[in-house]
Amino acid sequence: MPTKPELMTTPEQSAERPLMEIRDLKVHYELRGSALARLVGGEGETVKAVDGVNVALRKGEVLGLVGESGSGKTTLGRALLGLVRPTSGHITYGDLDLARMPQRQLRSVRRRLQMVFQDPHAALNPSMDLATAIGHPLRIHKLVKSKAEARERVRETLERVGLTPADQFLDKLPAELSGGQKQRAVIARAIICGPELLVADEPISMLDMSVRAKILELMLELGRDLDLTYVYITHDLATAKFFCDRVAIMYLGRVVEIGPTEEIFADPKHPYTKALLRAVPDLDPERKVPRDLPRGEIPDAAAPPHGCSFHPRCPFAFEPCGWEARDLRAMFERRWIRLGEDALAREEPLVGELTEVDAHEEMVRVRAGGRAAELTALLEEARADEPDDPLWKGVERIESDGGAVVVRFRPGIDPGLLRVNAVDVACHLHDPNLSHDH
Amino acid sequence: MATVTQPMPGPGRTPVKGSTRVVRLLRGIARPYRNSHGVGRFMLVTGTVLVVLMLLTAVFAPLIATFGFSQVAGADGQRFMNHAEPGAEHIFGTTTQGFDVFSRVVWGARTAVTVVLLALAFSLFLGVLLGLIAGFVGRWVDRVLVMVMDALFALPALLLAIVVAFLLSEYVGGGASTAALAITAVYVPQYFRVVRAATVSAKEQTYVEAARAMGARPATIMFRYLLTNVIQSVPVIATLNAADAILTLAGLGFLGYGIQPTEAAEWGYDLQRAVSDTGAGIWWTGLYPGLAIVLLVMGLTLMGEGLNETMNPAIRVRRLIPISMPELTAAQRTKAAQVPERDRPGQDRPVDTGGEDRNSREPGSGETGKGGAA
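As you go down the protein sequences, you meet chains A and B in turn.
Residue 701 in the numbering used here is what sits at position 95 of the first sequence, and the numbering runs on without skipping anything.
Residue 1632 in the numbering used here is what sits at position 250 of the second sequence, and the numbering runs on without skipping anything.
One or more of the hints may lead you astray.
Below, computed lysine-lysine pairings styled on BS3-like, alpha-carbon distance capped at 30 Å [stated by the list, open to error]:
#1 A:K880 to A:K632
#2 A:K748 to A:K778
#3 A:K753 to A:K778
#4 A:K632 to A:K665
#5 A:K820 to A:K880
#6 A:K632 to B:K1585
#7 A:K880 to A:K665
#8 A:K778 to B:K1585
#9 B:K1585 to A:K753
#10 A:K665 to A:K748
#11 B:K1585 to A:K748
#12 A:K820 to A:K778
It should be emphasised that the hints constitute simulated quantities derived from the structure, not laboratory data.
All chains should be modelled from the sequences, with the hints used to inform the complete structure.
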């Protein structure tokens, strides 16, 4: 992977005021329950798409938001432009707080904050020719007096983004362009009003391989010439390495690691970042390192894990990571997969209600009837089978209480961002107060 | 009506310059005629010819009609004979009241066209506007509008038209605009439904979000971004509804709730007057107005169905462009036959004739690829 060319070095990280400051931003979506639940008025679940993000955008930098699908990176990008209403938090831009501005006022700010979309085929109105479509922002913000002036500006911008000769493209409809040309047109529309911030939501993932690099180069060039700040949303670490000055790794609505690109790629701190980097495909046939990718899938954002939301998948998780009853259930599921159907038939009735636990609780009481001793023995057996499972670090005590078995977990702590060298990372492994042996 | 469709010039065409809007508009109109074929094309062309004939009749009614629509006496002051048989002076004969049937039919075309055009304009305006607003705004606006439109839908069309005509006749009078408004009430829900459904799906498109990101107002988004994309299904319903509207208008006239006979000639009214004539063997008073209704309704229906056939992506069959493959030369054929069987990759059957495996050979398959992409 080539690193980003030197020409775009990070601007001096002085005490200069950031272009945009995001503080404790939350975007939550209410999930509508069933029709009955709505009638009864019970509260539905909430999906925490963005859950407490703090980022300061420096002027002129390229910040990458990297994460799996469902990590909230797109929602965060849209919230920056006011396209998604935040539930709480602040987005300070100049003297304005975009999170609190009414739509009406937000519209006039929009010309300084623009967006490049993932799917260029869908981002242009199919019934508008390019001259009208690209010139429309100018007319919306009344930056031109006449149609002819708008057309002239569009012509210049088309040349700027490499759609030359511009005259050939002015009267074309989007359907007559290729994917790369459409994306250039979308970029032209985004820059025509002279924005400061450009949010690029996976701008090259829908394009042919052959034009991806050209579009990225165009964006770098425009960033340099027009003094743009980029927020580059992607799941592709290779392009993030090429394109970004800083990278923020997101997981389940939170930033788990943020820092300079070189630092993150050379020495990833968060176990999730490490896993992501290992998952990057490599063409080297000699490389046969087992890729110990995180187990399982990204959890349900409506019921995120307790404590650090990565802990159920984390190979290095330890005591304070937020163990809970659901993890015990997941352990049993893994065990049954390993041992087969006999074990499932034998052990499931014992474990019983554990499979129905949903909320996060630091203590779980399993009614075992007269078989409490058997259940305790089963738990001990499971522990003996897989003593390395990080789960057992989180189990504080297993005790019998009359006809029930109570499993107590150690209290979980929500990891905050900690500064380690040049990187901020949200992981207890790097907290000297919590981590002794790491 | 077809003018609102969006043109989609093929990529191979030369770039358009100059007055591109006019060119695009014309292309948009011409597109269904060019793309159609077979039965669809027959329906479209026949329907269009009939409709255009009727339109011309309507426009030039004063020149074509031999008499006025309520004229009962010739220029010499002599009253026309009642129930005169078709002849030299009255080519379609005269009615019970002594009107000239031919002139009534010709003037009736003008009435029908006027009323239907007015009704179309009203219902298109209302239906498209309300549908856009309901689909775009959503929430309670949508619910209220959908409820009102469903209520209108639930009433039988003719009954609704009669009630509206009856209510309006007190305020507006018994002219063409009343009839048009009565018909409007019947057809607004159809446009509303179609446009609302298209808007609901179109507003989730990225280009609408892009417009919001640009800072466009909701009204701008509705009219510049959504309208042009949701309107595409309207021409087909508009044409079919126009046919239906002719029948509703005639029905209103037949029942006596339509245009008053003193205001304009109306086919439905004429038919109603002709009912009693049929028993007496007087066929011409009923035949010609009836025939006019049939022709206009048929023309509009054929046109609508033909449009549907070419524009509805679910049922349209595009005209296939014939592909011509170059014949193999004699030299190629013998060469192919000489290649031993086992040397030919991908051949699982023995080759005995040069002709049979033509499609598996290089030049032929190359052409097929090109033809398929075109």
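Consistency of the hints with the structure:
1. A:K880 to A:K632: holds, 26 Å
2. A:K748 to A:K778: holds, 24 Å
3. A:K753 to A:K778: It holds: about 17 Å lies between the C-alpha atoms, which stays within 30 Å.
4. A:K632 to A:K665: holds, 23 Å
5. A:K820 to A:K880: Given that 30 Å is the threshold and the Cα spacing comes to 29 Å, the pair holds.
6. A:K632 to B:K1585: Holds: K632 (chain A) and K1585 (chain B) sit about 25 Å apart, inside 30 Å.
7. A:K880 to A:K665: holds, 28 Å
8. A:K778 to B:K1585: Given pair K778 (chain A), K1585 (chain B) holds - Cα atoms ~23 Å apart, limit 30 Å.
9. B:K1585 to A:K753: holds, 27 Å
10. A:K665 to A:K748: holds, 26 Å
11. B:K1585 to A:K748: holds, 25 Å
12. A:K820 to A:K778: Answer holds: K820 (chain A) to K778 (chain A) is near 22 Å, not above 30 Å.
Of the numbered hints stated above, none is contradicted by the structure.
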